[in-house]
Amino acid sequence: MVCADRATFGLKDLVKCSGGNVPEIVFDKVEKSYGSVRVLPPLDLTLNDGEFTVLVGPSGCGKSTTLRILAGLETLSGGEIYFDGKPIGALEPKERDIAMVFQDYALYPHMNIARNMSFALRLAKAPKAEIDEKVRNVADILGIGHLLERKPAELSGGQRQRVAMGRALVRDAGTFLFDEPLSNLDAKLRGKMRTELAEMRDRIDKNMVYVTHDQVEAMTLGDRIIVMSEGVVQQQGTPEELFKSPVNLFVAGFIGSPPMNFVEGQIVEDGGMTGVKGAGFHLPLGAETAARVKDATARDVTIGLRPSAFATHTPEAEATMDLHIVVSEYLGAQSVLSTRCGSAELLVEIPSIAPLPAGQTHTFAVNTDEIMVFDRASGLRL
Amino acid sequence: MRTARLNRLTPYMFMAPAAVIMGIALLYPLAYMVWGSFRAWNPSQQIGETEFVGLKNYITLWNDAAFRESLGVTLKFAVSVVSIEMLLGVGLALLLDRNIRGMSVLRTLFILPMMIAPVVVGLMWRYMYHPTVGTFNRMLEKVGIDGIDWLGQNALFSVIVADIWQWTPFIFILSLAALQSLPQSALEASRIDGATGWQQIWHIKLPLMMPVLIVTALLRLIDAFKVLEVILVMTEGGPGLSTEILALRISRTATEFRELGVAAAMSNYLLILLLILTGAMFAYTKLQEVRAARLRAASEEG
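Taken in sequence, the protein lines are chains R and X. Okay, so the first sequence: first residue is 1 according to the numbering used here, each after it adds one. Okay, so the second sequence: first residue is 1 according to the numbering used here, each after it adds one.
Watch out, some of these pointers could steer you wrong.
Here are the computed lysine to any residue pairs in the SDA-like style, where the Cα-Cα straight-line distance is at most 25 Å [unchecked claim]:
| id | chain 1 | residue 1 | chain 2 | residue 2 |
| --- | --- | --- | --- | --- |
| 1 | R | Lys125 | X | Arg296 |
| 2 | R | Lys94 | X | Leu295 |
| 3 | R | Lys188 | X | Leu187 |
| 4 | R | Lys94 | X | Ala293 |
| 5 | R | Lys128 | X | Leu95 |
| 6 | R | Lys94 | X | Ser185 |
| 7 | R | Lys188 | X | Gln199 |
| 8 | R | Lys86 | X | Thr196 |
| 9 | R | Lys128 | X | Gln180 |
| 10 | X | Lys286 | R | Ala333 |
| 11 | R | Lys125 | X | Leu295 |
| 12 | R | Lys192 | R | Ala333 |
| 13 | R | Lys125 | X | Trp198 |
| 14 | R | Lys94 | X | Arg296 |
| 15 | R | Lys192 | X | Gln180 |
| 16 | R | Lys188 | X | Thr196 |
| 17 | R | Lys125 | X | Gln180 |
Beta-carbon label-pair distances, calculated as ranges [what the hints assert, rightly or not]:
| id | chain 1 | residue 1 | chain 2 | residue 2 | range |
| --- | --- | --- | --- | --- | --- |
| 18 | X | Gly91 | R | Ser77 | 55 to 61 Å |
| 19 | X | Ala117 | R | Arg38 | 26 to 32 Å |
| 20 | R | Ala153 | X | Leu87 | 44 to 50 Å |
| 21 | X | Leu219 | R | Arg38 | 42 to 48 Å |
| 22 | X | Tyr12 | R | Pro355 | 34 to 40 Å |
| 23 | R | Ser36 | X | Arg107 | 41 to 47 Å |
| 24 | R | Gly85 | X | Leu219 | 35 to 41 Å |
Bear in mind the hints are in silico, worked out from the structure with no lab data behind them. Every value quoted in this text rests on a predicted model; they were computed, and no experiment measured them. Note that CB positions come from ideal geometry on N, CA and C, so glycine has one too.
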């Protein structure tokens, strides 16, 4: 346990080394193909300087390719990347002033930790005293100061992860790239490292570009999140923007845990009240949503309901749904119920204080302000 | 109870046929040789009729100038071929570790020499080295240079060249395999850290290939100590004793000098030499592994 305690970040110490140039990064119609397979259609993207940007999306959505192109590990098939207006597409990785943390850490197995961390500085022929000081400094901050003589094979997964971070930090580059750095850790360690990274984000004034498929990581870390699918940016914005106003079904379904429920229905006008109707339910819409969808009456829509939009029934609720509880999962403070409404399956998240047994049908109150309506044909939010 | 015992015995039952074959094909001849090396033994005698002479054969050999010369030639030969082959093989692998059109054809061509029977290789090179009609001297004559006495004055050199030609591919394919299984992300990390191509080779690729390279070099070294056919065909150990490597001397001691006991003792010297080499290497590897495992276990507990 000693190591874990020592590992608490003291990242305020790092602020003083945030000297280098932090560029604004612009992707201008960046394309990537392997032979005839196009993995990235023309991509336009602007990463403001000093921001922690998270690229998130399912496997194969092009997020890692985007990062590797930015790193210079993949060549461009078209378009250009600009750092502060300067094209860098043809530059070698080392000429881009970047540091990168890899998913499998990519430590050099034959070098001890000190030599791993100092490799870039040694190649750059920095003075030995300066190298030693920097390595010692960063290692102490990361709580790996006592491991400097070890080889990577002699460290645990969490320690290797820290070394990988340390190797990037020692570089003192303008832009830090993270390629799913936490996905090889166990759940508990991942949570801890996530918190430490969040702390680091607030302390270090550098560009950070972070790739992950885990939306929880994206939400906790990102100043700005870019949601990608099939090489296309679906939406970008702050975590709150993405959660509260997703632009389409994909983003709505991807962001949030447990994921949003989707049921099919229609918009109906009923005595001046706009609502949505489907098999086994009829819900009035909140004023704001109602105003947005009033032109779409009678259109086929998909209705999005977050699991947290439900509450155990209160008699004065204006909107209710009768749901048949299939499974009740107890998660501690919260319980997640798998329920059925007609043929649709819905997840409902409720406090565990009032447990509801599986096998019965219950009336739930629905928060009408949280009902989202999507056009079924285009997937766009109305 | 009985089933449990049967279950425990099952693996040994499956291993038994292999163990029997090992015993017959490997251990029995080996023991026979060791036993024979302590006896004065003429090929016309049954081993039972021979006289026990203790360590006499070993002592005789130790003081025999011809044996020591032969050992020296063997060492010179083995060390030169293995070091040059390692340099060339690893170099070629580093050059050809890339995706360009026709690379698979090239690779196949490169490993062809290894697939030719050693006797054929010996004959081929003997003709090429021939003082008057050989390829090399005819070429030299064409450009106006006097022919070289390949298999005479320069016999050891010529034999070394032939061996390099035949066995560099072995090192090449093993190095190439090692190169292609290197962790890509470590190489990418080194590119980001600013390593040039040469620096990548020097600081990352070669050190990471080292375990494979050591085993490869050892295999080649063992082989080089035992090489026989090519040299037998090319020079028969001559001129003088200049190319008489140990394997050749062993075979001549047994057949020409008709001293099986001495030949067996000589084989044992060779065996001991190789065992020391192999043992030292495995001990070193094992030591490293144990140390790494212990430290890792300690850090995961901590």
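Open item on the list: Under the constraints set out in the numbered hints, which ones does this structure not fulfil?
Closed with: Hints 1, 2, 3, 4, 5, 7, 9, 10, 11, 14, 15, 16, 17, 18, 19, 20, 22, 23, 24 contradicted; others consistent.
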